[in-house]
Amino acid sequence: MISSLIRPVQGRLTLAVGLMALASLVQLVPALAIAELAREFAPSIVAEVTPDETASYWTIGWVAVGAIFAMLVLFMAAGLVSHLADSALSLHVRRRLVDHLGRVPLGWFGRRSSGTVRKVVQDDVSALHHLVAHATLDVTAATVVPVVSLLYLFVVDWRLTLIMLIPVVIGLVSFSLAMRGAMAKYAEYDASLARLGAASVELVDGITVVKAFGETGRAHRAFREAGEQFSAFFYGWMRQTARASVIFEVAISPSAILATVLAGAGLLVGTGRMAALDVLPFALLALGITGSMVRFMYGTQQVREGRQAAERIGEVLSVKALPEPASEEAVSPTTGHGAGHVAYEQAEFSYNEATKAVRGVSLELRPGSVTALVGPSGSGKSTLARLLPRFDDVDAGAVRLGGLDIRRLPTRHLYEHVGFVFQDVALLRTTVRDNIRLGRPDAGDEAVRAAARAAQIHQRVLDTPRGYDSVVGDDTVFSGGEAQRISIARALLADAPVLVLDEATAFADPESEAAVQEALSQLVAGRTLLVIAHRLHTIKGVDQIAVMDSGRVVELGTHEQLLSAGGRYSRLWNAYENGRTGSESFLAATGEETSR
Amino acid sequence: MIKLLTALFEQGARRRFRGLLAGLVLVGVLEGVTFVLLAPVLSTMLKGDHVRMWWWIGALALVAALYGAALAWTTHVGYRVGTNALSSIYAKLGDHLSLLPLGWFNTERTGSISRLVTKGAVNIAGAPAHLLRPVVTAVVSPLTVMLFMLVIEWRIGLALLLSAPVALGAQRISNAMITRADVAWDASAADANARVLEYARMQPVLRAFGRHIDGNELLDASLTHESAMGRRLLLRGATGFSLYLAALQGVIVVAIFLAIYLTLEGGLSASLAIALLVLTVRFVEPLVAAADLGSAARLATESLKRINAVLDSPVMPEPSVPRRAKNSEVVLDDVSFGYDEDAPVLRGVSFRAPAGGVTAIVGPSGSGKSTVLRLISRFYDADDGAVLIGGEDVRNLGTGEVMRNVAMVFQDVYLFEGSILDNIRIGRRDASDEDVMEAARTARVDEIAERLPDGWETQVGEGGTALSGGERQRLSVARALLKNAPVLLLDEATAALDPENEAAVHEAIRHLAHQRTVIVIAHRINTVVAADRIVVLDRGAVEDTGTHTELLERGGRYAEFWSQRQQAAGWRLVHD
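Protein chains in written order, with numbering that gives the first Met the number 0: chain A, 0 to 595; chain B, 0 to 575.
What the hints contain is simulated information worked out from the structure, not anything from laboratory work.
This one's a predicted model, so the numbers in the text were calculated from it and none came from an experiment.
Glycine included, every Cβ here is placed at the ideal spot set by N, Cα and C.
Warning: the hint list may mix true and false statements.
[Unchecked claim] Example chain A residues on the side facing chain B (calculated, C-beta under 10 Å, incomplete):
1. 59
2. 85
3. 105
4. 115
5. 120
6. 200
7. 211
8. 223
9. 253
10. 389
11. 393
12. 418
13. 419
14. 433
15. 542
[Said to hold, decoys possible] Computed far set for chain B versus chain A, every beta-carbon distance over 12 Å:
16. 147
17. 165
18. 301
19. 307
20. 326
21. 332
[What the hints assert, rightly or not] These stretches of chain B come out as covered by chain A in the derived footprint (C-beta under 8 Å, 3 or more residues):
22. 21-33
23. 57-65
24. 236-248
25. 557-567
Take these sequences, add in the hints, and give me the full structure.
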């Protein structure tokens, strides 16, 4: 997954790796320069005299200085290139995710919290940082520095090189011992951490209930237990790997390597098998070999997290998008039966294999007519309604607009013809103006005001600090009923001939209910309407009522027809009427007086 | 960071932590000493003085062995200390969270808590073993080298010494540059977070208006800004980092030239000069490596600060000897309250809810209705005035006693992970199975259970089967029924439930309201009409109290409310 994700910046990353390899090579030069200087000094060391001034000393000095600055420049360049690549990649992946998410079936969002989406788009993409910006460079350094140093040292003296490698090998072996079974442990670690996270969510999110029912002690205990469990696991894991990882740390520590190298050197030099001068490159380069390795190994956890994040990003990107028609053929639903005609034809849909939410529904909405969907919760009303704006696509059958299968309509065209007003109103954190002209971003001020006036919200907007320029959430907060009216203004301005009202007659605050109702009456005039309704009395006068049960339309007709048929609708209506007139209030049957 | 960590520990663990710190300093010194011993070893080796050379090698090996032992010890202790830190964090957070006023828990905070106890705590737990040692050694070891250098050859030593302020200065500058860019970047990331959340939440609306794919300028602008701020931070950071690196590498340059010069002119022996140059490289290396540790240290410190911020939030005062409520009368006596100091929500609210009677609160949204219920259930304490239950100030009753007296049915219902029955049993932990079943039947939860695949054992809540809003409310009514508290606080649903759920909820609440003191935020005409007493709230103040008839006669806001409700109830989407 990760390789296909980073493809867009692959070229830049290769450049960064090249720069880093070069930097790692140049990094060795100052040490070698010191060794070379020692060689120049050698005759005078043996003779124990002050060396004569020759140009070569200074030349070596200047070479070292040059190398140091070249190294600095190369290091910074490599880091900068990789980090900028990472930054560009983050933006690229985020845009790709957002674009893709805009095309997946809406049902996908329904099964996830918005927090999960935020985590993938923001946190998971950020988690790629170490992998992209650091890990590749660390690997390069961890390869180039040891390989080149070892080659060089091997040429200088292969025996001392082998001796020097003893602690390194011990270190690597114990590292792999420490990492043995690590994958299983990591899984356990993740699970334990997830339990802890869940316990904290329960304590914190459910705190109202926890306190209200005196459950503070229990939730608190559950959290503590999860905490102690995790602490114990953490300690156990650390202890278990402690011996191996301590051996690793000690073996590759600078002191251990130095002690080994110098002891070996003492043996070889003391017995005359090696020139004392040849020890210098070892003293200078040996520590660099392990240093670069340690840095790489400390990054393994972050690399693991990066890979997991990449997997999650990949999962989201592989969610199948709703197909768009291949070419922008000039299809328009205004042909055939006309713009406002909708037909469901044997439509089937299921969220999962187990149960079908909509089974073989055929339903015609004639232009300018009002159709109400009623039925118990879970009967498929909302699912059926949401097939029309293509929040999901039918599994079988078709939904047609003006005779045309809506899957053949480019999305843009579809939304010019189908509008939607929701029960729970959501306003964007932007100006009131932009909120109203969401469906028609190019609408002029006059059109926006006209829509707001018709939706009974114009005066309220003018009362906000900056009128139509007020930012929702920052400058002003709208009550539920006010937000509802803004969303109606939005639909009015979009002016789609077909409109879906999902429970739009449920109002958040009673005092603006009348205003919302007035606004709705304005909105529905002259459009083809599909309404989901729970308050049955509001839909008494509609052209047809479709009663749904278990994904099917079981009755269809006008209020009077269905009542006289004496079927399911009439039972629903009677239950509803009883509820309304008899005991709409819970107080009615408690022995209180009902009419004072 | 060390100070913050110390504050976290109890006495015993604190001593262990101090021991660890001392051990880490020792590790650093011993590492420095091995480096220092390199000089005499190399110098004697180059001169061919093998006897002395072996003595020095022996000394170096001995110090290295001590170093290894100290390292092993500190690693072990580090794990212990890290685990201590974890347990201590969890214990303290758990204790503190359960004492915080409910008002503290807003969505922004609750979201960050779970991240804090998982990732944040792990960052801290790993610090003693994996972060503190590199950091301490990176400082102590070069310091040791420099001290010896000053003694052996003060002129090169002085060069090392002088490099310290330069490197520190470079680091200071770099930090300052990063901090400012960091703040801007943080803000831009928070903004992008909010926009992504909005994008996900508002997906239906965005789609219905064709704004989900192209033309989502708000989100795209936000992401672009975040990226630009990130890049700015990066460039600043890079500049600062190069300054620091250049300052350190400069030391090597100066040392090389000094060594050559001193050997040629100043009577420094060539072998010692070489050894000191090697030592200089050893001086610089840990300091360069230290730069890598900066971000990890910042991360751990940041987590510690956040945890401390939670632990420092003031808790609600609880009485040492809680009083008991004498009856179920609820009184608000001249109560003023605001969530923010400068924005009062309630101003001098007084009313009496008689024991066993129904008190309806009506008023436009934002008038403070919900706040009144929150104060009665002591989610917050009043700023001024007092809330009394059964003649006692809720502050003297304490949260526990208040909760024993009050049952709540609010609109948002939280379900815990567990079965349906588990979730009802929360109402009263020690209730018999029959009591639980009876409460469930009364709230008609049995109908829900029948429909679900696993019946009563169906798992709900986070990651469980989702219940509809109406079903959740039935469950919460069952909880309240089981709890059987004398005072019932009720927020009447505004969103329409489907007729089936609506009937069930109403019937259950009717049972619940029987013979209890009920305070209800009323939306339905019949509820208001039937109440013993109606409290009309407007902009945080009581405008009027009385019965329906009394209030209608007086006119005013209530009459207006009444006519609006009447009008709304007769509305049709389309007329015949």
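Do the hints match the structure? See the list:
1. 59: holds, 8 Å
2. 85: Where the cut-off is 10 Å and the nearest Cβ of chain B is about 9 Å from residue 85 (chain A), the hint holds.
3. 105: With a closest approach of 6 Å, the residue 105 (chain A) hint holds.
4. 115: Cβ of residue 115 (chain A) sits 8 Å from chain B, so the hint holds.
5. 120: holds, 5 Å
6. 200: holds, 5 Å
7. 211: Status holds, d = 5 Å.
8. 223: holds, 5 Å
9. 253: holds, 6 Å
10. 389: holds, 8 Å
11. 393: violated, 16 Å
12. 418: With a minimum Cβ separation of about 7 Å from chain B (threshold 10 Å), the hint on residue 418 (chain A) holds.
13. 419: holds, 3 Å
14. 433: holds, 8 Å
15. 542: holds, 8 Å
16. 147: holds, 15 Å
17. 165: holds, 15 Å
18. 301: holds, 15 Å
19. 307: holds, 17 Å
20. 326: holds, 20 Å
21. 332: holds, 23 Å
22. 21-33: Since 3 is at least three, the answer is holds.
23. 57-65: holds (count 5)
24. 236-248: Per the Cβ count (6), the hint holds.
25. 557-567: holds (count 5)
Hint 11 from the list above is the single one not met by this structure.
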